[in-house]
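As you go down the protein sequences, you meet chains A and B in turn. Heads up: the first sequence is residues 1 to 284, going by the numbering used here. Heads up: the second sequence is residues 1 to 308, going by the numbering used here.
You can take every hint at face value.
Derived EDC-like pairs (lysine to aspartate or glutamate); straight-line CA-CA distance at most 20 Å:
1. A:K185 with B:D16
2. A:K18 with B:E183
3. B:K198 with B:D172
4. A:K179 with B:D16
5. A:K179 with A:E93
6. A:K223 with A:D60
7. A:K247 with A:D55
8. B:K20 with A:E93
9. B:K20 with A:E170
Hints listed in this document are in silico derivations from the structure and should not be mistaken for laboratory results. Nothing here was measured: the structure is a model prediction, and the numbers come from that model.
One-letter residues, chain by chain:
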Amino acid sequence: MKNQTKAKINKGFYSSLKISSYICCGIALTALVGVILFVMIRGTGHISLQLLFGDPKDGDTILPAFLGTLRLVAVSILLAVPLGIFTAVFLVEYMRGKGKLVRLIRLTVETLAAIPSIVYGLFGYLVFVVALSWGYSMWGGGITLAVMILPTIVRSTEESLLSVPDSYREGALALGASKVRTIFKVTLPSASSGIVTSVVLAVGRVVSESAVLILTVGMVVNKIPAALTEPGTSLALDIYYFANFGKPDEAAATAVVLLLFVLALNLLAALCGKLIRKKYGDNA
Amino acid sequence: MTMTKRSIYSFISARDKVMKAIFAFAALFSVLALITITVFLFAGGLPFIFSHGDTFWGVVWDVHSELYGIMSMAVATLFVTALSVIMGVTVGLFTAICLYKFCPKKAVAPISHLINLLAGIPSVIYGLFGMVVIVPFIRDYVSPNGVGYGILSASIVLAVMILPTVVSVSLDAMRAVPKNYFEGALALGATKEQATFKVLIPSAKSGIFAGAVLATGRALGETMAVIMVIGNSPEMPNSLFQSVRTLTANIALGATEMTGDAATALIACGVVLFVFTLIINLTFALVGKNGKDKKGAVREKSNKSKNK
Chain A
1 MKNQTKAKIN
11 KGFYSSLKIS
21 SYICCGIALT
31 ALVGVILFVM
41 IRGTGHISLQ
51 LLFGDPKDGD
61 TILPAFLGTL
71 RLVAVSILLA
81 VPLGIFTAVF
91 LVEYMRGKGK
101 LVRLIRLTVE
111 TLAAIPSIVY
121 GLFGYLVFVV
131 ALSWGYSMWG
141 GGITLAVMIL
151 PTIVRSTEES
161 LLSVPDSYRE
171 GALALGASKV
181 RTIFKVTLPS
191 ASSGIVTSVV
201 LAVGRVVSES
211 AVLILTVGMV
221 VNKIPAALTE
231 PGTSLALDIY
241 YFANFGKPDE
251 AAATAVVLLL
261 FVLALNLLAA
271 LCGKLIRKKY
281 GDNA
Chain B
1 MTMTKRSIYS
11 FISARDKVMK
21 AIFAFAALFS
31 VLALITITVF
41 LFAGGLPFIF
51 SHGDTFWGVV
61 WDVHSELYGI
71 MSMAVATLFV
81 TALSVIMGVT
91 VGLFTAICLY
101 KFCPKKAVAP
111 ISHLINLLAG
121 IPSVIYGLFG
131 MVVIVPFIRD
141 YVSPNGVGYG
151 ILSASIVLAV
161 MILPTVVSVS
171 LDAMRAVPKN
181 YFEGALALGA
191 TKEQATFKVL
201 IPSAKSGIFA
211 GAVLATGRAL
221 GETMAVIMVI
231 GNSPEMPNSL
241 FQSVRTLTAN
251 IALGATEMTG
261 DAATALIACG
271 VVLFVFTLII
281 NLTFALVGKN
291 GKDKKGAVRE
301 KSNKSKNK
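Given these sequences and hints, build the entire structure.
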C-alpha cells in the first residue's frame, strides 16, 4: 500500500515536470515570437519614404545607415572569406587535421570566437583609431568585423571540407590533377553549399553587430559617408541611436528594415544551399 | 617539345608551392590576429591596473574626480549574467525537452526552424524590445520603487536572447543519446516522463552543460541589449530594481568621450572582460573535451547496434 502511494507520488512528480516543460515551451515561443511581432506592429506604421530614402538634411533617414551597412559587409566579407577558406584548406588538405600547428590554430580560432564583440571594438579602436590614427572610419570597422567573423567561416568551411569523401580527391589526383587544381576544381566545389551557407550567416552577423561599430566607425548618423576612410553608421547602430535619443518609433521602423534584411539573408542561405546541392550532389 | 613540357611541370609545382605558402599564411593570420588583440589590450590596460591598483579594484567610478573603480560594475556583470543564465537555461532546457519528447511530432520541425531563425535577430532589437515593452511593464506592475531599468529587466532581455542557443544545443545533445537508452528505460517499466528525466537528460548532461557555458559567454559579452535596459548608473547592485552598469556597457558608454586616463581605464575594463571570457572558454574547452569523449563512445556503441 505504502509502495503504491510512493509510486503514485513519483509519477505525479514526473508528470508535473512534463507539464512545466509545456509551460516553458509556451513561454519561450511567446517571448521570441513576441519580440518579432512587437517590432513588426510597432515599426511598420512608421516606415516612411523620408525615413527610407530621404535626404539627411530634411530629417531622420536611414539611407546613410543602409549604405554604411552594405559597405561594412563588402569590406569584411572580401577580407574574411578568402582568409577563412584558405585557413580551412590548410588545416584539412595540407595538415590532414592533425599535429601541433593544427591544434594551435584551432585553439586560436576557438578563442577568437569566444571574445565578446565589445572587446573586438576596443581592439579596433586601439589599432585603427589610435595606433594608425585613421580616426573613426569604415575601413577600421570593416577590418575589425572581418577578424570577428573569421572563426565562423573557418569552422564551417573545415566541417564542409571534412565531409567531402577522400575518393573525390584521389580520383582527381589519379587523373593527373595537381594538388592545387584538385582543391580548386574538386574539393572546394563539392564543399561549396556549406561554405556559402556559412558566408551568408557571417553577413548576418556583420549586419546585426553594433557594439564593435560604436568604437570603430563612430556614430555619424545623418550624413552619407563619401569614402571608406570616413566615419559612418549602420542599420543596427541607427536603432541604438534612435532608441537612445527618444525616438522609439523611428527605432522600431529601422528594426523592421533590419529584421527583413536578416530574414532575407536566412532565406538566401537556405536557397543557396539547396541550389548548390542540386548541382554538385548531396555529399557537400 | 620536351623543354616546354618540363617547364609546364616545373611551373605547376612552383604554383603548388606558392599556393601552399598562401594557405599557410592565411592559417597563421588568425594566430597573428589573436596575438595582436592580446598585446594591444594588455599593453594598453595592464600598466593602468598596476599603477592604479587601489582605486581600480574599488567600487567608485567617477570620471570627474578621476576615480576609476570597476568593482561595482564587475559585480553587476556577474549578477546579470548569472540571473539571465539561470532563467534562460531553465526555460530553454525545458523547451528542448518538450520539443524532443512531448510535442506533437509535426510541430517540431517548424518550431526548431523558427528558433534557429530567432538566433539571428540582432541584439539591438532585443534591447529595443526590452526598452519599450519590458522596462515600462516592470516599472508599472512589478517594481516596488517605480524603477523599470535595472538588473531584472536586463536579465529578462538577456534570457530571451540566449534562449535559441540553449534550445538548439540541448536538442543536439539529446539527439546524440542513443535511442536504446530511452527504450531500455521504458522496457524496465518507467513511464515516458521518468525515462526522459531520469535517463535521457542525465545522458545528455555534458552537451547541455556545454550549451549553458556557451550561453554564459554570450550573456557576459552582450553590450547593446544591456545598455538599453539596465540604466547605466555605476553603482553597487543591491536590488533587482536599481539602475546599475555592466563592464561591457561601461566600455561602450565611455567610447564617445575617450580621453586620457578615462580611456586607459576603459581599456583596463576590456582586459578584465577578456580574462573573464578566457576563463569561460577554458571551462568550455574542458567540458567539451569530456563531453566529446563520452559522446564518441556512445556514438560508437549506437553504430554497432545499428550494424547488428
